[in-house]
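Residue numbers (the numbering used here), protein chains in the order written: chain A, 831 to 1156; chain B, 1239 to 1457.
Check the hints yourself; a few may be wrong.
Okay, derived cross-link-like pairs now, EDC-like style, lysine to aspartate or glutamate, Cα gap no bigger than 16 Å in a straight line [said to hold, decoys possible]: (1) A/K1047 to A/D852; (2) A/K1017 to A/E862; (3) B/K1450 to A/D964; (4) A/K1035 to A/E1011; (5) B/K1450 to A/E969; (6) A/K1035 to A/E1006.
According to the in silico footprint, chain B covers these stretches of chain A (three or more CB under 8 Å from chain B) [as the list claims (entries may be wrong)]: (7) 900-907; (8) 924-933; (9) 958-972.
Treat the hints as calculated values from the structure; they're not laboratory data.
As the structure is a computational prediction, the values presented were derived from the model and not from experiment.
All C-beta atoms in this analysis are idealised placements derived from N, C-alpha and C, irrespective of residue type, glycine included.
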Amino acid sequence: MIRLEGLSKIYPTASGGMTSVDNVSFEVGAGETCVLLGPSGCGKTTTLRMINRLVTPTRGKIFIDGRDTDASDPVELRRTIGYVIQQIGLFPNMTVAENIAVVPRLLKWDARRMRKRAEELLAMLALDPKTFADRYPNELSGGQAQRVGVARALAADPPVLLMDEPFGAVDPVNREVIQDEFLRMQKSLRKTVLFVSHDIDEAVKMADRIAIFRAGKLEQYAAPDELLGRPANDFVAGFVGSDRTLKRLRRIHVSDVMSDDRAAKHMDGTPTVQPHDDLRRVATLFLEYGVDALACVDADGRVVGSVSRAAVASRLGTAGGGETAA
Amino acid sequence: METLTFILNNLGAIGERTVEHVSIVSVAVGIAILTGVPLGIAITQSQRGADTVLYLGSIVMTIPSVALFGLLIPVLSKIGQGIGYLPAVIAATLYAQLPIVRNTYTAIRNVDPALRSAAIGMGMSVPQRLWRVEIPIALPVIIAGVRVSVVINIGVTAIAAYIGAGGLGTFISRGISQTDIRQLLTGALALAILAITADFSLLWLQRRLTPKGMGPRSS
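Modelling step: build the complete structure from the supplied sequences, incorporating the hints.
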């Protein structure tokens, strides 16, 4: 869907040039969320801004759906790419509904269609259209404003979404909530998302793939489970942290490691898990109850299998061997 | 008392002088808006341009208006317009320029860079960005500049009476030459009322044109 080929950005300086992005190539599949991760100044934001031509690449090519973006007019191109920034950037002179309808208006939709779309998006982002559509941005909380920012990016239903630390300015509690909402929404929308973050936890939570940058170079491009399980080098290992195994548990689900041993006994007094639970819960229960195995039940409480310490350990040991659970 | 009688006996003349005065000020400010706002926006693109324009504008402001009228006489005499309406309008336009250019420049420059970045990133062309985002946000500050220009111009135009441009300054100049306190007071009073009225009307306009979501919340 989006392919970067040998992308470089060199800013001219007195001493010859400062390389901000250095020969970066990777590909993000349609409907995937790719998180660009790294410390500040690593080139992740510059890479993102080259995709919608806010920054002109020095070298290299970007293809969206196989089309070279050099061939399109930057203004037209940007209208087909949703863009969310950390500072949100809602226009203070426009109501929430008008802010959401910015790109539809550029595309000359009629007024009723724009209004309908704005209300639909507000509802999707858990904001009551009646209450919020006609408010101004200065009447919104940070979390509400950020939701409107996301709604605005989605307004014209662009296939691609670029998000530059979109939830960075939201407090930690609300950030979790918005992340969860976004994941739920993304499940049905299946946009191709490029998401800049400096937060490894956020990256592990949101990403299908993580591109980790250092000093303009792409250090590793992998699914979160593989990145955590088999960091390509010391920098990546250091960046993801010494608790990377714990972080991996979030992205592995009971269904990935469950034996379909339907006869598994459910010992009285120990809790059960469900196939969609992640392994953080399983590990917590192992430690809390001192058990080596837990029964796994379906929504109706029928035992459908069991999950054992050995199975979890073996899953963690063979990291990157297969596809991750998404 | 004498002054009051004078005013009541000369309401017609005062009205005429006021119309002359307002006409010079509004033509000058109108020209200054049409030239100053685009100029103020244009110089946001170049720091050097901005420095030059604002510096020149400040120099013009330091020239006393009487001197400026004097300077215009030989120049405009060449087309037979050395005194009267034209030099008054030209001088007033020059004085009106700086507050408008400077406020426009400052207001556009102070638009949050995140808004500019969002506007460009969503695919607005330069004119769309100016008309839909930057000018509406800058408008209250631009109008504040217009207010300053109008008040300055009401004063400058009063002095233009000395070059035969008419206006309310006529009462003052005659009052001085004829040592007639009634005319002097009439002119001063009328000018003060005109300046205050203009300032308040423009303040009202400024509030009306402030985008609803900005400034003090109103509901």
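Going through the hints against the structure:
1. Distance restraint check for A/K1047 and A/D852: the Cα-Cα separation of roughly 5 Å lies within the 16 Å cut-off, and the hinted pair is therefore satisfied.
2. Taken as a hint, the A/K1017 and A/E862 pair is honoured in the structure, with Cα atoms around 10 Å apart against an allowance of 16 Å.
3. Among the hinted pairs, B/K1450 with A/D964 is consistent with the structure: their alpha-carbon atoms are about 11 Å apart, no more than 16 Å.
4. At roughly 12 Å between alpha-carbon atoms, A/K1035 and A/E1011 fall within 16 Å of each other, so this suggested pair holds.
5. Only pairs whose Cα atoms come within 16 Å are accepted, and B/K1450 paired with A/E969 is accepted, the gap being roughly 11 Å.
6. About 10 Å separates the Cα atoms of A/K1035 and A/E1006, which keeps this hinted pair within 16 Å; it holds.
7. For the region 900-907 of chain A, the stated coverage by chain B is satisfied: 3 residues place a CB nearer than 8 Å to a CB of that chain, which reaches the threshold of 3.
8. Figure legend: the region 924-933 of chain A, annotated as covered by chain B; annotation consistent (4 residues with Cβ-Cβ distances under 8 Å, at least 3 required).
9. Under the rule that three or more residues need a Cβ within less than 8 Å of chain B, the assignment of the region 958-972 of chain A holds, with 4 such residues.
In this structure, every one of the numbered hints holds.
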